[in-house]
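Peer 1: Can you build the whole structure from these sequences, using the hints too?
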Amino acid sequence: MRRSWLKVMAVVLVASWLVMPAQAQNTLPANKVFRFVPHANLAVLDPIWTTAYVTRNHAYMIYDTLFSEDAKGNIQAQMVQSYTTAKDGKTWTFKLRAGLEFHDGKPVTSEDVAASLKRWASRDAMGGILFSFIDKIETPDANTFRFILKEPCAIVLDALGKASSNVPFIMPARIAATPGTEQIKEHIGSGPFIFKADEFKPGSVAVYLRNSKYLSRKEATSGLAGGRPVNFERVEWVIIRDPQTQFNALQAGEVDMVEQPSFEQYESLKKTAGVKVDDFSPAGYQYVMRFNHLHAPFNNVKIRQAAMLAIGQQAFINTQVGIPDLVRACRSIYPCGTPLADENTSYFTGVANPVKARELLKEAGYDGTPIVMMRPTDLSAITKLPLVAKQQLEAAGFKVDLQQMDWASLVARRAKKEPPNQGGWNLFFTTWTAQDIGSPLSSAMLNAKGATGWFGWQDEPRIEALKAKFARAHEGPEQKKIASEIQALVFETAAFAPLGQYRNPTALRSNVSGMLQTAGVPVMWGLSKN
Amino acid sequence: MASFLLRRLLAVLPVLWVVSVVVFLILRLAPGDPAAVIAGNNATSEDIANIRSQLGLDRNLVSQYGIWLGKVVQGDLGYSYYLGKPVLELITQRMEPSLSLALGTALLAVCVAVPLGTLAAWRMGGWLDRSLSAFSVAGFSVPVFVIAYALIYVFAIRLQWLPVQGYKPLFGAQAGSVWDWVRQLILPWLTLGTIYIALIARMTRASVSEALSEDYIRTARAKGIGEMAVLLRHALANAAVPIVTVIGIGVALLIGGVVVTETVYAIPGLGSLTVDAVLNRDFPVIQGLVLFFSCSYVCINLLVDVSYLFLDPRIRH
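Line by line, the protein sequences are chains V and X. Counting from 1, position 79 in the first sequence corresponds to residue 79 in the numbering used here; the numbering is continuous, with no gaps. Counting from 1, position 150 in the second sequence corresponds to residue 150 in the numbering used here; the numbering is continuous, with no gaps.
Hints may be right or wrong, so weigh each one.
[Unchecked claim] Straight line, CA to CA, 27 Å or less: simulated BS3-like cross-link-like pairs of lysine-lysine:
1) V:LYS201 / X:LYS223
2) V:LYS72 / V:LYS481
3) V:LYS32 / V:LYS276
4) X:LYS85 / V:LYS196
5) V:LYS32 / V:LYS529
6) V:LYS362 / V:LYS302
7) V:LYS201 / X:LYS168
8) V:LYS469 / V:LYS150
9) V:LYS302 / V:LYS185
10) X:LYS168 / V:LYS32
11) V:LYS185 / X:LYS85
12) X:LYS85 / V:LYS201
Hints in this document: simulated from the structure, not taken from any laboratory.
Peer 2: Rendered as structure tokens:
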């Protein structure tokens with residue numbers, strides 16, 4: 001009898017050991033926990049050190065910005081309460097909202113703002129342009145900061161409200177004192193979520209808790225601007241690399257949102273019970289083909305123009321995306337649907353014209369030098385583009401040497417200025433969010449400073465001069481006119497070729513509502529779960 | 001015994017040194033530049049050059065290797081270019097999921113495959129033997145990811161008995177219950193275990209059937225020893241050396257197998273760390289991992305060699 005009791009007790013003990021957690025964990029109601037699968041692994045946490053979108057999106061969780069872009073693309077005050085501009089346009093005074101507080105309990109001060117902006121400007125192109133206008137930043141009191149400009153500048157608000165990488169996030173001055181070339185070690189912001197550093201496992205999970213002290217604006221939420229109501233106590237970013245596993249996890253209800261499901265799953269997702277498809281970034285993305293201006297044959301403008309004539313956008317977007325609802329041809333270098341878009345693109349029609357391209361190629365004296373075209377085999381977002389380009393360029397008479405490599409090899413090789421037969425290249429492809437290339441000052445491809453410019457190293461002082469003029473021009477028609485002049489030069493010099501636009505919708509559980517349409521950033525505020 | 005172990009351990013050092021040199025050279029001479037990956041799409045060549053300089057990648061290879069080796073000797077595997085964390089810490093952090101997956105798979109494979117292989121050898125040509133042969137062919141032929149998706153579809157999506165993905169640690173602040181841990185790993189164990197069950201069962205069947213045809217088995221049976229004792233004490237015991245060898249090789253091969261399984265089941269182990277490090281050209285992490293895997297491989301081989309001493313008394317003499 002006694003032995004039987006002992007056996008029962010042993011079984012109970014073992015069973016308890018099996019089912020009891022090692023440590024008691026707080027259990028939150030299911031609708032207060034949100035699980036999100038980002039488009040990439042969150043490895044780097046410093047949004048100034050890297051331009052990676054996944055890091056930018058992480059930063060929007062924990063940091064706040066001085067200004068933000070609303071759903072219509074207008075810049076609205078966020079941390080700033082009010083601002084004034086002197087009559088001569090050279091002094092800008094900003095007042096911070098009262099009561100702003102970092103996650104460590106310290107108040108947000110003008111010193112923090114000044115230090116954060118300096119660090120941002122040391123890395124960001126648009127920040128660098130803004131700071132080239134700034135003579136000094138004054139901080140007369142804890143809630144006030146002032147820009148003293150050398151001359152009037154039209155891009156102050158656009159730069160401070162820049163929505164995409166690098167974004168001028170505000171962090172404590174002691175952290176912002178880290179040089180922009182080094183990663184910060186603490187991740188303390190004043191945004192709507194607090195980063196749980198102790199639960200962060202790169203490649204696995206990043207955890208955020210609701211910031212109960214967050215001072216949300218009273219205005220209605222619009223894009224990235226306005227109020228930021230948080231309906232979850234805990235948000236987990238779950239890193240799932242495999243697209244099929246992402247799909248399965250969403251279907252099984254293990255995650256609530258997959259940021260970028262693959263295009264191949266689009267139709268299945270729309271038909272899956274308990275899952276819906278929505279779009280937080282209606283402006284979308286643009287594919288681009290970039291020439292290397294340093295070496296033959298693309299050091300000849302006519303040969304570059306011939307290549308642009310050979311390109312037909314529809315084939316690129318059909319092959320790479322393949323879903324008519326999600327793509328559109330767009331000849332403008334500023335994405336269609338954004339304020340500066342202009343489809344007046346002279347000879348570039350976006351429709352393949354191999355006959356005309358062949359004629360121009362002959363006129364330019366193309367000697368049959370093979371074009372070294374780089375194809376990233378592991379980057380599904382753009383891996384099919386080079387295959388289409390090869391076919392279209394060959395149809396126009398080009399000889400193409402398609403070289404396959406992984407993305408890490410490609411980005412290393414595209415930085416090489418040597419001739420293609422010595423490890424260099426002639427052509428590569430990439431994709432940009434609309435926000436990154438919506439302005440001449442933020443678009444890396446419009447960096448035409450030659451050897452110190454962007455990969456491809458176009459040396460075109462006229463573009464640089466127009467960019468400087470753009471920064472000084474009044475917003476509206478005047479800036480739009482200059483942007484169009486820049487575009488005309490881009491096509492005249494055949495700097496690069498736009499290959500069409502696409503959207504990449506997100507997939508959510510059906511019980512999730514309130515997703516905001518933003519400038520390409522998936523935000524966790526405004527969302528709720530039934 | 002002690003001198004045997006010492007000799008074997010000393011022999012490992014040159015192997016590890018050669019591995020470290022080869023890996024270092026392959027990484028540095030292969031295409032790809034961590035600085036270019038870190039710099040991102042907006043960078044210029046100048047930005048990349050600055051990052052290269054900060055990472056010390058502009059130094060000559062001998063100097064880079066010397067610095068790295070000097071630190072390794074002191075137990076410092078360096079810092080990840082990306083994560084800014086010590087490589088040793090990253091490996092330690094990811095060890096539990098990978099060990100859980102690999103050792104659980106090995107245990108499952110041994111527990112299932114050895115009895116099955118033994119029984120198949122005992123009743124050669126019977127239904128069990130034929131079924132095992134068919135299973136082995138299928139186990140070797142079907143890719144791991146196909147098995148994984150099939151299991152997920154049936155047990156996680158249709159029946160909803162088990163989770164699709166993830167890992168619940170046994171230890172630490174986020175630890176769950178033992179059942180939580182087991183539940184997350186059942187499908188990965190089955191996925192990865194299939195090929196190893198096939199491998200070990202085939203080897204067990206072949207070894208035991210060979211032993212069963214030996215004279216000493218006939219003698220044992222003639223002495224009237226029971227069939228089960230003949231099978232276990234005489235046949236299986238004498239077939240143990242090749243079986244243990246293949247189990248050792250199988251465990252070492254698991255290191256490669258966990259990469260695919262961890263990716264499909266989103267398990268944050270050493271496999272996914274390796275994939276990320278390779279894709280980002282995170283040299284210190286790759287070098288640290290290869291060194292770790294090499295040490296593991298060597299240790300497993302050593303354990304297998306030591307086990308021979310116990311399994312086969314002739315080797316001791």
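Peer 1: Flag every earlier hint the structure violates by its number, smallest first.
Peer 2: As far as the earlier hints go, 1, 9 are violated by this structure, in ascending order.
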